[in-house]
Amino acid sequence: MIWKKRFKSSKPSVSKLKKTPAGLLQFGGCFPTMSRLYSIIVPVVFLLNGLTAQNIIPEWFEKLPDSPKGIFYSVGYSGKYQNQSLAREVAISRALTNMAKQHQVRLIFEIEEFADGRFRLLNPSFELSYDESVLLNVSTNYSPVDSSITNDGYYILIACPSIERRLHIPSNDKTWEKQPEWTKALPDSRRYNYGVGIVSKYSSWVRAWKDADEYARFDLGKNIQIEAQSVHTAKRDNRFVVESKIIRQSYDMTLKNSIIIARWYDQKNDTYYSLCRKDRRSNPY
Amino acid sequence: MKKLIVIALLIPLALMLVNCGGGKPKAKMDDIPEWYLNPPKAEDAIYEAGDAAKQSMGLAKEAADARARDAIARTLEVKVSNMLKNFMQESGIGEDAEALEFTSSVSKQVANTVLRGCRIVKREMKTEGALYHAYSLAEYNLNSLIQETLNEARKQKALYNEAKANLSFDDLEKEIQKLEAVGQ
Numbered sequence: 001m002i003w004k005k006r007f008k009s010s011k012p013s014v015s016k017l018k019k020t021p022a023g024l025l026q027f028g029g030c031f032p033t034m035s036r037l038y039s040i041i042v043p044v045v046f047l048l049n050g051l052t053a054q055n056i057i058p059e060w061f062e063k064l065p066d067s068p069k070g071i072f073y074s075v076g077y078s079g080k081y082q083n084q085s086l087a088r089e090v091a092i093s094r095a096l097t098n099m100a101k102q103h104q105v106r107l108i109f110e111i112e113e114f115a116d117g118r119f120r121l122l123n124p125s126f127e128l129s130y131d132e133s134v135l136l137n138v139s140t141n142y143s144p145v146d147s148s149i150t151n152d153g154y155y156i157l158i159a160c161p162s163i164e165r166r167l168h169i170p171s172n173d174k175t176w177e178k179q180p181e182w183t184k185a186l187p188d189s190r191r192y193n194y195g196v197g198i199v200s201k202y203s204s205w206v207r208a209w210k211d212a213d214e215y216a217r218f219d220l221g222k223n224i225q226i227e228a229q230s231v232h233t234a235k236r237d238n239r240f241v242v243e244s245k246i247i248r249q250s251y252d253m254t255l256k257n258s259i260i261i262a263r264w265y266d267q268k269n270d271t272y273y274s275l276c277r278k279d280r281r282s283n284p285y
Numbered sequence: 286m287k288k289l290i291v292i293a294l295l296i297p298l299a300l301m302l303v304n305c306g307g308g309k310p311k312a313k314m315d316d317i318p319e320w321y322l323n324p325p326k327a328e329d330a331i332y333e334a335g336d337a338a339k340q341s342m343g344l345a346k347e348a349a350d351a352r353a354r355d356a357i358a359r360t361l362e363v364k365v366s367n368m369l370k371n372f373m374q375e376s377g378i379g380e381d382a383e384a385l386e387f388t389s390s391v392s393k394q395v396a397n398t399v400l401r402g403c404r405i406v407k408r409e410m411k412t413e414g415a416l417y418h419a420y421s422l423a424e425y426n427l428n429s430l431i432q433e434t435l436n437e438a439r440k441q442k443a444l445y446n447e448a449k450a451n452l453s454f455d456d457l458e459k460e461i462q463k464l465e466a467v468g469q
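Chains as they are written, first to last, in the numbering used here: chain F, 1 to 285; chain S, 286 to 469.
Any given hint could be a false lead.
[Stated by the list, open to error] Only pairs whose alpha carbons sit at most 27 Å apart, straight line, appear in this in silico DSS-like list of lysine-lysine:
1. F:Lys210 - S:Lys326
2. S:Lys411 - F:Lys245
3. S:Lys339 - F:Lys210
4. F:Lys268 - S:Lys411
5. F:Lys268 - S:Lys326
6. F:Lys210 - F:Lys174
7. S:Lys339 - F:Lys245
8. F:Lys80 - F:Lys245
9. S:Lys326 - F:Lys245
[Unchecked claim] Over 10 Å on every C-beta distance to chain F, these chain S residues come out as not near it, computed from the model:
10. Glu319
11. Glu347
12. Val395
13. Val406
14. Gly414
15. Leu427
[As the list claims (entries may be wrong)] If you only want the chain S side, here are some residues facing chain F, beta carbon under 10 Å, derived:
16. Leu322
17. Asn323
18. Ala337
19. Lys346
20. Val391
21. Lys393
22. Ala396
23. Lys407
Simulated from the structure, these hints should not be mistaken for laboratory data. Since we're looking at a predicted model, the values are computed, not measured. For glycine and all other residues, C-beta sits at the position ideal for the given N, C-alpha and C.
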């Protein structure tokens, strides 16, 4: 029923065809040619997308350099734009948002799993919010440190608070390195808490990194503190065993100074990894 | 021509049947991480593993992590209540009466705890057909548990001292009230 409705609404009406002079008439008249064209264009676009996956990246995008005391770095990125200044604008905007999240972010996470012999339900929910005033403060007090344009997009590294002097950071463009150890096992440190975000099979690498970064923050939160509740029951009689479980885990916390310090892209499996770090000494959390 | 059509119709049908009979792809034993089968043991930490197979990598990771943490929570704080019900049920009359004995056992595990510093220290993602199979190993450091308990004890002690001080002030106030009553 719903499908029908959608189908009807997307179909151009006859009256519209009559009223519109060139565009729609052409659309109606050339429909078989268009469909043939689409059948060629769509695979080509997918092929090009695969070929132009993120291959070359600035060094600081893969591994964030250590910043001088009191200074924070943040990375921004944007996809392909015909207008370079627009690409820069989008990348800076993303870097500022990342910086605001890095300073302070509120995370609300909940996962529920229900399972019995016949039925299984998994429901995770993620809620992330940051303060507009923090973003405003960051926006008025930052300076660009380095930027890079590759075939895939525009990258920028910013520092906050704003600095006068030139910072020495590795600014070469490079390909992805071998799989780092942190994608398999979390770094062991008394000083820092870590979290890893993983996403896979995204058509846009910009969107993929945004999500991987956010999931890394949520993972970090889970490693710090989480409320865990569960009920497991197993009912046995002479013939059957019926097992059921209900798991609920949740937290609501404000994270300060959580930094995305490393990223890695698994080209073979089209998977994106982000590593988030937070100093245990900075409070709250 | 007819033969060709019949063959053309039979091939998809055969493929469908093969596909239906295949069932879910199972994990190869070599693919299963060693730490999942035998979680590490340590005096100062608890380790538990969890796994989940899902079509989405993100969901598989979340479910495996949650299951590993749940296992830790249950190890830490498990309230087990076992109920054994034996009952006899008799039906029928006279010689036709049937005595049926049912034994039913219900075990229930309830965990409700706050895990501080429970980390997923190892994680592996495998593909099984169209599914992602995530394996997670959770670690809970008992030192952090001890530290938490000590902090809690200190808080309780502070509260107790405060309550004691309040009690002393109450006593003092009572004594003053007594004196005032005598003075009047």
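Here is what the structure says about each hint:
Distance restraint check for Lys210 (chain F) and Lys326 (chain S): the Cα-Cα separation of roughly 37 Å exceeds the 27 Å cut-off, and the hinted pair is therefore not satisfied. Of the pairs offered as hints, the one joining Lys411 (chain S) and Lys245 (chain F) holds, with about 25 Å between alpha carbons and a cut-off of 27 Å not exceeded. Using a Cα cut-off of 27 Å, the hinted pair Lys339 (chain S) and Lys210 (chain F) holds, with the two alpha carbons roughly 22 Å apart. A hinted pair counts as satisfied when its Cα atoms are at most 27 Å apart, and Lys268 (chain F) with Lys411 (chain S) qualifies at roughly 13 Å.
Between Lys268 (chain F) and Lys326 (chain S), the direct Cα distance comes to roughly 34 Å. Violation of the 27 Å bound is thereby established for this hinted pair. A threshold of 27 Å between alpha carbons decides the hint, and for Lys210 (chain F) with Lys174 (chain F) the separation of about 21 Å falls inside it, so the pair holds. For the suggested pair Lys339 (chain S) and Lys245 (chain F), the alpha carbons sit about 18 Å apart, so the restraint of at most 27 Å is met. Restraint check for Lys80 (chain F) and Lys245 (chain F): the C-alpha separation of about 47 Å exceeds 27 Å, so the hint is violated.
Of the pairs offered as hints, the one joining Lys326 (chain S) and Lys245 (chain F) holds, with about 26 Å between alpha carbons and a cut-off of 27 Å not exceeded. Under the 10 Å C-beta cut-off, the non-interface status given to Glu319 (chain S) relative to chain F holds; the minimum distance is some 13 Å. Not every CB of chain F is more than 10 Å from the CB of Glu347 (chain S) (nearest about 5 Å), against its label as outside the interface. Listed as a non-interface residue, Val395 (chain S) fails to keep its Cβ farther than 10 Å from every Cβ of chain F; the least gap is roughly 5 Å.
Its beta-carbon lying about 5 Å from the closest one in chain F, Val406 (chain S) breaks the requirement of being farther than 10 Å from that chain. With a closest Cβ-Cβ approach of about 15 Å to chain F, Gly414 (chain S) is found to remain outside the 10 Å limit, as its non-interface label requires. Taking the minimum C-beta to C-beta distance to chain F, about 15 Å, the non-interface status of Leu427 (chain S) holds against the 10 Å cut. Of the supplied interface hints, the one on Leu322 (chain S) is violated, with its beta-carbon coming no nearer than about 17 Å to a beta-carbon of chain F, more than 10 Å.
Interface restraint check: Asn323 (chain S) against chain F, minimum CB-CB distance 16 Å, threshold 10 Å, status violated. The restraint placing Ala337 (chain S) at the interface with chain F holds, with a minimum CB-CB distance near 8 Å, inside the 10 Å limit. With a least beta-carbon distance of about 6 Å to chain F, the hint placing Lys346 (chain S) at the interface is held under the 10 Å criterion. The interface hint given for Val391 (chain S) is met, as the beta carbon of that residue sits about 5 Å from the closest beta carbon of chain F, less than 10 Å.
Interface hint status for Lys393 (chain S): upheld, as the beta-carbon distance to the closest one in chain F is roughly 5 Å, under 10 Å. Proximity of Ala396 (chain S) to chain F holds as hinted, the smallest CB-CB distance being about 5 Å (cut-off 10 Å). Evaluation of the Lys407 (chain S) hint against chain F yields a held restraint, the C-beta minimum of about 5 Å falling below 10 Å.
Going through the hint list in order, the structure does not satisfy hints 1, 5, 8, 11, 12, 13, 16, 17.
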